[in-house]
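Taken in order, these protein sequences are the chains called A and B.
Position 101, counted from 1, in the first sequence is what the numbering used here calls 101; the numbers after and before it change by one each time, with no gaps.
Position 550, counted from 1, in the second sequence is what the numbering used here calls 550; the numbers after and before it change by one each time, with no gaps.
Any given hint might turn out to be false.
[Claimed, not checked] Simulated crosslink set (DSBU-like; lysine-lysine; CA at most 35 Å straight-line):
1) A:K205 <-> B:K329
2) B:K504 <-> A:K205
3) A:K208 <-> B:K329
4) B:K329 <-> B:K504
5) B:K504 <-> A:K208
6) A:K14 <-> B:K58
Keep in mind that the hints were calculated from the coordinates and are not lab data.
Here is what each chain is made of, one letter per residue.
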Amino acid sequence: MAHAYRFLTQPEVKFLEAAAERLIPADHLGPGAREAGVACFIDGQLASPWGLHGRQYRTGPWQEGTPEQGFQSPLTPQEIYRAAIREIDQHCRMEHAKAFPFLEAALQDELLRQMESDALPLPSISSALFFSLLLRNTMEGFFADPLYGGNRGKAGWRLIGFPGVAAANYTEELDHHNQSYQVEPVSILDIEQQRAQVDAQGYAKHIKLRVEPKA
Amino acid sequence: MTTRLPPVDILVVGVGVAGSILCKELAATGLKIVGLERGRMLDPQHDFAMPYAHDELKYDRHSDILQNLSRETLTFRNHTQQKALPMREMGSFKPGECVGGAGMHWGAHARRFLPWDFELRSRTLDRYGAAHMPADWTGQDWGLTYEELEPYYDQFEHIYGVGGKAGNLEGALQPGGNPFEGVRSREFPNPESQRTYAGTLFAEAAHSLGKTPFQNPTAAMTSPYTNLYKMTLGQCVRGGFCNSHGCAMGAKASPLTTVIPTLAKHPNFELRTHTNVTRVDMDSDGKRATGVTYIDARGREVHQPADLVILASYTFNNTRLLLLSGIGKPYDPVANQGVVGRNYAYQTGARVAMFFDDKVFNPFMGGGALTTSIDDYNGDNFDHAGLGFIGGAYLAAQSNGATPIRSISVPPGTPRWGGAWKEAAAQHYNRNFSIYAHGGCQSRRGNYLDLDPTYRDAHGQPLLRMTFDWGENEQRLSAYAIERALEIAKVINPSQLGVHPLSKTYSIVPYQSTHNVGGAAMGADPATSVVNKYLQSWDVPNVFVVGASAFPQNSANPPTLTVGALACWAADAIKDEYLARPRPLV
């Protein structure tokens, strides 16, 4: 699907598609983060007020605190993504002769584990700080409403059986104990684009999926 | 250059759960009342319209009905040897910033506190003796009993349309209700909520162990309801998107669905939004408030004189305004003297997750505190002899509407990402539920609120500084509650269990609850409390401080019902006693 990137450069898009795909890979259960448009979602987040920490407290002095004190970096998410991707790709070229997106999956996983445990030293920032943002934004991009550019085809919701925008019939359904409520998920985007029906109060009209009987 | 406005009779700072009711009740006097709210006005029909109200990313991560931290936050440290640093991102708790306050995005848990909660210090001494008291305990009786507050719980329940089943009607235990609740003068205004599959499994297991399960009281309407103020609310459809969200159905009681539209009809009431109160102004001898100073939406500094000032904002802001205004003596934890900022407390959360192969729960359904619980281990409902802690927890199976970004639960040992995580998420999202242990929290000497020496808000004033960690009491309480939850979980017999205990150290990062209390505690003794039993400042009698800031420690039960009841109680004291003859009421 075509997408005009507002913040990310093309090498950054390639990096994020590759890295997010390792966090949520495509497999027999369905699409992974790449196909679900997670890089596109992250681009949108970075171009939003959050990318500049618009509602966050941004007054100094700045110093690193304990883990219990939370985020204390003077850098914005935009600056963290930009610096980290450049520095990780540089590290990969030095150590492995190729940028991150062109490495074998097993090596990508190993590098991600190093970032997660802050064992990948980068010149300007903590790799664990970057990894925590990347994992958080990847999960958001896989499961947030598709109106934000990720969760394409409602891949995240289909994976777990989440119906999206609620229907108004749950009080009856809640009395059907131990019966799975399986419907075609409905997103805000579906309703905006008139691909899904709503009732008079704006709740989704769910279409039940035909469930194959167990073998 | 300060703009000085003509005087008014009563100023109410903060128009949330407490402030809206105080304004409404006092408006009946005909006096000129002004409500000052730092946030904006909401129109639930537009602000929470479908389908946009069902946007998890917006309301869980980027909501504009929460406090805008770019202008004001607080600083945090675990103990006095650390340097406090600003809470730069919203995490552990979510204060509101709008008309209605945090009462717009609350979860509708509508439990009263237990009679024991109000008298826990004297009752602990009576039953267990001084040796049982936690180290460095600053907990105290409220100076107000459950029996005194009961009519006001009842009043607030009939404003917020609470649904439930009475467990104790005028002393007679009622089947189906909570036998441990305080005596109730009449039934709930709405019926109890329906029991989910998870709630049924929990209730059957708890019952088989001799416990008494009941449906948690809820302020999400269990039937269409017209309240004391003639406001009508629709029935909750259990569509989830409740905690952190505004209700698209208008079925969750909140200041805007129960009070404010009827309040706005009073010609003697005026609501001023986008007004950020920076201090209570005092006369030259510091004994009397003359009004407040605020910054308005145009950035002007405004002095609004008034005869009576009521602080009714969130716990943090009530305490901070007292400190910024020099009302009451700030607490010094070294000398253990002073009162403002003392008694800060929170709540303890822990859970046991259960994973099944053969059961599905449709966890996206629910919300509106659709919860089945037991109170057998709450408060002092069980013998604490030899246990080494006071207080307790209620255990609950809650169907909150599990949204996918924050509510995917996987078995212990699952990696945080990759193919194995994905497989576990797909397998277990629909096949798990948790027994939550919602525990109380005692106040103690090392936990307090004061003004930060370094960091400032957008107006140049010091931020509030929180110094807080769990005490030994909270660790023991929570561990005990988890053991009891495990007993029930083993009867339910899932294929896998995951235990999520209380964190070793309190962290401001993960969301826990917006149940921050204390800082302007009430009590019978001015040496250990900021306000008397009528929520009136001991030092400045024309200032009242109403909200969870008045709790001297925290119950296991969520605070909102008690905040609302205290607002009704204080409103009556002001109407019937104070305004007739302004004076210290104690």
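Which numbered hints are broken by the structure, listed smallest first? 1, 2, 3, 5
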